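**Student:** Sequence:
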Amino acid sequence: MSNKKIEDWVLVAVSLFPAAVFLLTPAQAVSPAEHQLAAFVDEYLFGQGYYKPEAYPFAAKLTNSFSFILAVAAAIIFSLSQYHKKIQFDSANHIIGMFIFLALMAFTVWLTVVHQDFSMTKGVSFGTKASFHNNPVLFLFMMVCKTSVIYFAIRYTLAVLTTFLLEWKEYRERKGKQ
Numbered sequence: 001m002s003n004k005k006i007e008d009w010v011l012v013a014v015s016l017f018p019a020a021v022f023l024l025t026p027a028q029a030v031s032p033a034e035h036q037l038a039a040f041v042d043e044y045l046f047g048q049g050y051y052k053p054e055a056y057p058f059a060a061k062l063t064n065s066f067s068f069i070l071a072v073a074a075a076i077i078f079s080l081s082q083y084h085k086k087i088q089f090d091s092a093n094h095i096i097g098m099f100i101f102l103a104l105m106a107f108t109v110w111l112t113v114v115h116q117d118f119s120m121t122k123g124v125s126f127g128t129k130a131s132f133h134n135n136p137v138l139f140l141f142m143m144v145c146k147t148s149v150i151y152f153a154i155r156y157t158l159a160v161l162t163t164f165l166l167e168w169k170e171y172r173e174r175k176g177k178q
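Last residue of the sequence shown? That's 178 in full-length UniProt numbering, and every number before it is there in order.
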């Protein structure tokens, strides 16, 4: 299987993982094992981050934490497996793109780590009201978007840095031969 197909499958897995965790996790922690898992996520992962809807706080907590970990791990692992390849960028603006992705990643990591309090007024305003996040479909949409942005930001940044380092190495080798 080609690397492009593998990366496509990784992207699909990263995108679908939040939905799988959310759908397979109970809404509330009921059993002692679930309470222990919730305590572990609160203590060592990102259990206090993002937003916990009243209808499904346990599922939201696990979805937020585990999807973040998967996005970071998948991006780093796939980037490390491709460390020897230079990426051909179509334009000279790839450094600007990298900084835009880094800004988006900083925002989404901040959303993941910091607890969010949203306006309790009526309406479904895109992402700024609690009613938006209390809807399971819209909550999952935000989780998939957040996870995908984190994956792309890390993957793109590492690809740009790898290409830069490989080109710098080639430049130094040419300079040394002169």
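I should point out that these hints are in silico values taken from the structure, not numbers from a laboratory. Note that the coordinates shown come from a computational prediction; the quantities given were computed from them, not determined experimentally. Don't take each hint at face value.
What the hints assert, rightly or not - With a straight-line Cα cutoff of 25 Å, these simulated PhoX-like cross-link-like pairs (lysine-lysine) come out:
#, residue 1, residue 2
1, K169, K85
2, K85, K4
3, K86, K4
4, K5, K86
5, K85, K177
6, K175, K86
7, K85, K5
8, K175, K85
9, K177, K86
**Student:** Evaluate each hint against the coordinates.
**Tutor:** For each hint, the structure was consulted:
1. Simply put, K169 and K85 have alpha-carbon atoms about 13 Å apart, close enough for the 25 Å limit, and the pair holds.
2. Of the pairs offered as hints, the one joining K85 and K4 holds, with about 13 Å between alpha carbons and a cut-off of 25 Å not exceeded.
3. Of the pairs offered as hints, the one joining K86 and K4 holds, with about 14 Å between alpha carbons and a cut-off of 25 Å not exceeded.
4. Straight-line distance between C-alpha atoms of K5 and K86 comes to about 18 Å, which keeps the hinted pair within the 25 Å bound.
5. Of the pairs offered as hints, the one joining K85 and K177 holds, with about 23 Å between alpha carbons and a cut-off of 25 Å not exceeded.
6. As the CA atoms of K175 and K86 are separated by approximately 20 Å, the hinted pair is consistent with the 25 Å bound.
7. With a C-alpha separation of about 16 Å, the suggested pair K85 and K5 falls inside the 25 Å cut-off, and the hint holds.
8. Proximity of K175 to K85 is assessed by CA-CA distance (about 21 Å); at most 25 Å being required, the pair is judged to hold.
9. With a CA separation close to 22 Å, the supplied pair K177 and K86 stays within the 25 Å bound.
In the structure shown, no violation is registered for any of the earlier numbered hints.
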